[in-house]
Every structure is written in C-alpha cells, then in structure tokens.
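Assemble the complex: chain A is given as a structure, and chain B must be docked to it using the hints.
Chains as they are written, first to last, in our numbering: chain A, 1 to 398; chain B, 1 to 198.
Because the hints were derived from the structure by calculation, they are not lab data. C-beta atoms are modelled at their ideal positions from N, C-alpha and C, and glycine is treated no differently. Any given hint could be a false lead.
Unchecked claim - Here are some chain A residues pointing at chain B (derived, C-beta under 8 Å):
| id | residue |
| --- | --- |
| 1 | Pro113 |
| 2 | Ala171 |
| 3 | Asn185 |
| 4 | Arg210 |
Stated by the list, open to error - Per the computed footprint, the stretches of chain A lying under chain B, defined by three or more beta-carbons under 8 Å from a beta-carbon of chain B, are:
| id | region |
| --- | --- |
| 5 | 128-138 |
| 6 | 177-183 |
| 7 | 192-205 |
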Amino acid sequence: MANDALDDALSSFTPAPDHPRAGVTRLRLTQFRNYESLDLGLNTRPVCLIGENGAGKTNLVEAVSFLGPGRGLRASGAQAVMRNSEDAYGVWGIYAEVETRDGAMRVATGADPDQPGRRRTRLEGEAATQSELARLLPMMWLTPREDRLWAGPRSDRMRFFDRMVLAADPAHAQAASAYEKAQKNRQKLLDVERETGRRADGDWLKILEREMAEFGVAMAAARLETLVHLQSEIDQRAKSAFPKADLSLDGMIEVQLSEGAKAGDVEDGFASELARVRPRDGAAGRALSGPHRTELSVRHREKNQAAAECSTGEQKALVLGLALAQARALRHVKGVIPILIFDEACAHLDQARRDGLAEAILDIGAQAWMTGVDEALFSGFGEGAQRFKVDEGCVSAL
Amino acid sequence: MSAASGPEIERLIQLLAKLPGLGSRSARRAALYMLQKREALMEPLAAAIQEAADKIRPCGECGNLDVSDPCAICRSPGRDITSICVVESVGDLWALERAGAFRGRYHVLGGVLSALDGVGPDQLNIPKLLERAGREDTQEIILALNATVDGQTTAHYISDKLEHAGVGVTSLARGVPVGGELDYLDEGTLSAAFKSRR
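Chain A on its own, in the form it takes in the complex (with noise of 0.2 Å):
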C-alpha cells in the first residue's frame, strides 16, 4: 500500500538533529485486527489517517501504540488483536522501523506462536524489555475515552497522568510495578489473617511496607517532577489554542515530598502509618492510603473551575493542552520529541482549535497519528503532514 513516490518526497525530510524525534518510518502488519496485511512507508512528520467509521484508523493507531511499553491503547490482551476473519491464518505480528534517540531501529511485537495468548516483543531481534522500549519509543496517547476523563473515575485520570510520567521516567513503570505488587502481597498477608484468624507474619509484613514506603515515594517522586515540567510548560506558554490548566497531585506523599520534606524521612513515616493501619486495610480489603490512592486535580485557570465542570468541548481542550504541554516538556527537559497518537481528538474540536492543534504538533515537531472522518479536519497542517485513506483494512497516500 506504499506509494513510492510520496515515499522519496518525504525521505528528504530530516528532523532537526538537537531533538531526535520519535518516529516510525515504516510499518507493517500481518493478520492485525482487520488488517490481512499492510506495508506502509513513512517519515518522521505528522500522519493523518482519514476514512469512515469502522475503516480501520484506531486499529492502525493502536498498531502504533503496541510499539512502545504496555498492552496499547486499548489495553487489549494477545489474542483479541488476532485478525477475525474464516481466513485468517498464523499468528498476528506488528514489524516496525522506528527513528529512535540511538537512531534507527526494528521493534517487532506479536503473538508468541508457541503461546498465542503471550505477546513477545523484540528490538534488533532481541527480547525487548519494556523500560528500554519506554527510553527509545516514549509515546502519549489521547483516544475518545479520554473525552470522559475529568468528569470520570480517578484511577481513568492517574492512568492517564501516569503515562506521561513513564514517558518522562521510563523507570516509573518498575517503580509502579513494585509498589503494586508490595501492596498486593501484604494485603494478601492481612486477607488471609481476617479469613482465618491466624496472625500474619509480622516481619513479612514489615519488610512489604517497607518496600512500599520505598516504590511508594519513588512513584510520587517522578509524578511531581512530571507535574512541575508540565506546570512550568503551561505558565511559559504565550496564550494557544488551548486553555491554561493549574494542576495538582492530592496524595499524602506527594503533599510531604512537595512540601520539602527528605524522601528518606517520608518512606520511613509512611512504612509506619502502613503498620499502624494493618487492621483498617485487613477490613476493608484494601490498602486505604499510599501514592495508589492519589488524585489528579486540573483547574480551567481562566474560567477558575474545576476541569469537571467545563463544557464538553473546554475538557477535550483541557486534554490536548496537558498533552502537548508533556511533548513540549520532553523535548526541553529529556532532549526527546514523543510519538503522539490523537484518535478521533478533532472530533469536538471548533475550526480555530484543529488549527491550532496543528500549529502545536508542527511547532514541537512530534510524529503525531491522528485519525477523523474528513481530511478538512486536518487542513491545519498544510503540506507539513502525511495523509493516508484507510478504507476495510486498506491504506493509500492521498
């Protein structure tokens, strides 16, 4: 489905080299959702996907989204992207070539033939570990569901949030992973001394509390330091498109370390407080208190209300400004330009904000995927921007 010629106009264009950006430059699927197979050829600059609903631009977008650490922006298991269809054959795989902050590179992902329902994934052909895949491929993505984002439950908003941190901080992803796994095993210890009456083990508790009191504030830690980047990117900013946000973390550890108190001191205050509350968290079920429990608070500076409370239209902007804003952050802070991934994200967007969309994805210079019905949506972006037409699993350059 590559058009060549469009291929050779774009391999002249080369990102500026103080900012390596994030990019894939080609992209091929085998047996993808509804996608029997697809070679596409691009570059580095913004891709827009055009075509009518159920044509296959999210699953392209989510293609996109597989490269980089994590189960993708559906967070779809390894067998619910296998390609539904009385012909579909083999196991589905995802090859890419990608510019990368060590430059070129080949990711492949795709179901595990011994085990269809594992995912493998490989960089240079070799196991590929998700923290390295977070360092080169550091990617953000907005998709409708983040349309419900502030008015929605908390853990949909740190999801969000923390996927900007690990785009920051590929070691957020193990520290998070630590830390759940702690809290996971002391609350199975308290479980299991409710249940039975028998005493948990007292020093097996404390070494897991101490663990989480460690992975605990390392978490918060790399949250803040996101926060005060992004805060910083959205006060420097002339006025845009998009409105101004005041952010903040609620979170006991977050509210200490931002406060200035020594890391040291508030892992060894929180690991006291986890003891101090075995029986609370045992009768719940649940650890009641911990970075796990933070919540995400955004303010419409302008209007001085609470994110939640805005129109429609004002929370998707809200939305893309915090996204930008972390790309904007990235590339001054880390040296590194994101992958962006914006399905559908024009979709409630007047004319003035898709144009101003455009003029902030070509200002910071991300490879950014967008999809949409209409290629009017993304007249914004002029000649900066790839266009393809994706029709029933089919992609061509327009």
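Just chain B, lined up with the frame of chain A:
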C-alpha cells in the same frame, strides 16, 4: 493430532509441553525427533530420566540435588565452611558453580516469598538456614537472590531474621555487567551501580 498418532504420543507431547521453555509446538517437534531417534536418543533418555528419578534426592543440609545426602558440595573438605551462599533454586547454584567464583557452601531456599502464590516462610528452606547460621563455624551469609521484587523481599526478610545471629550478611552487588556499555543500561541498573560504587 490424537486421531492421527494415538494417545501415547499425545500424552508424551502433553508431558513435554509442561517443561519450562517448551510450548505445544516445540513439544510436538521434540516428541517427533525422539521417535525418529529411538535407539540413539529416546531409549537412553528414558533410562536416564528413570535413573535420575530413582537416585537423585534433595540434600538434607543445603537443599541441593545429588545422589548422596549430604551432597558432594556439603561433604567436600575443600570447601570453605565459614560462608554460606543463599540461592533461590538449584539452577542458581549451578550457575554460580559454573562461574567458579565461590568456594564456600550453599543453601537452596526452594523459591521466594510470594503471598500471592501461597509461598510463605514455612514453604521455604528458611528454618534450616537459621539453624546453619547459628552454628559456630558460620561467619558470613551471602544472599545471592534474583533482583526481582519477590527476590528482594525474601532477601530483606532473611536479613532481618539473621540480625541477631552473630554472622555477617552480605548481598551480591548490582550494576554494570562485565563487557556492558553504560549507554545501553536502563536507569534502574545505572542507579544501582552508582549506589554500589566503591
């Protein structure tokens, strides 16, 4: 598959597929290969498996696997009896023996603490370790556990238990691998290497 080859082969494949590192496809390939090499491979392999099942037992002292109890390492007069290296599995013991970097004795825990998997201190070979640590000859316990969350939980737990045992407790260093380039290391490993600098 079973209709074409019979329940015996199917059972062989199912059992082979339970081995670590083998999926159903690899198991099928291995079964077919053995059947094609019946005399050269399959029969000697079956005899070797039977002999190992009959003779090999865990060492009552350290948990190593051997034909004798205590095992050859525990009985060896050439090994340093003052230091005990604690490992998660016999596979880890073999890895350290291949490296030849340690001349003391071992203690195999048989797993790591994981409440979620139902593995607690009582399921591990910890009481025996505490008994060995309390012996007069023992001076150092080296914790050579995996750098996973559960591995480190177990290391902390044992360290706490040994706090008043009168022995030195050390852990393997973490950081830059031999021949490794800093540019290719993840942030966690680099941080650990800095903390362990000397």
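Hint-by-hint comparison with the structure:
1. Pro113: OK, holds: A:Pro113 within 8 Å of chain B, min 6 Å.
2. Ala171: It holds, given that the least Cβ distance between A:Ala171 and chain B is near 4 Å, below 8 Å.
3. Asn185: Hint on A:Asn185: holds, closest Cβ of chain B at ~4 Å, below 8 Å.
4. Arg210: Check passed: Cβ of A:Arg210 comes within 7 Å of chain B, closer than 8 Å.
5. 128-138: It holds: at least three residues are needed, and the region 128-138 of chain A offers 4 whose Cβ sits within less than 8 Å of chain B.
6. 177-183: Since three or more residues must qualify, the claim that chain B covers the region 177-183 of chain A holds, with 4 doing so at under 8 Å.
7. 192-205: holds (count 4)
Of the numbered hints stated above, none is contradicted by the structure.
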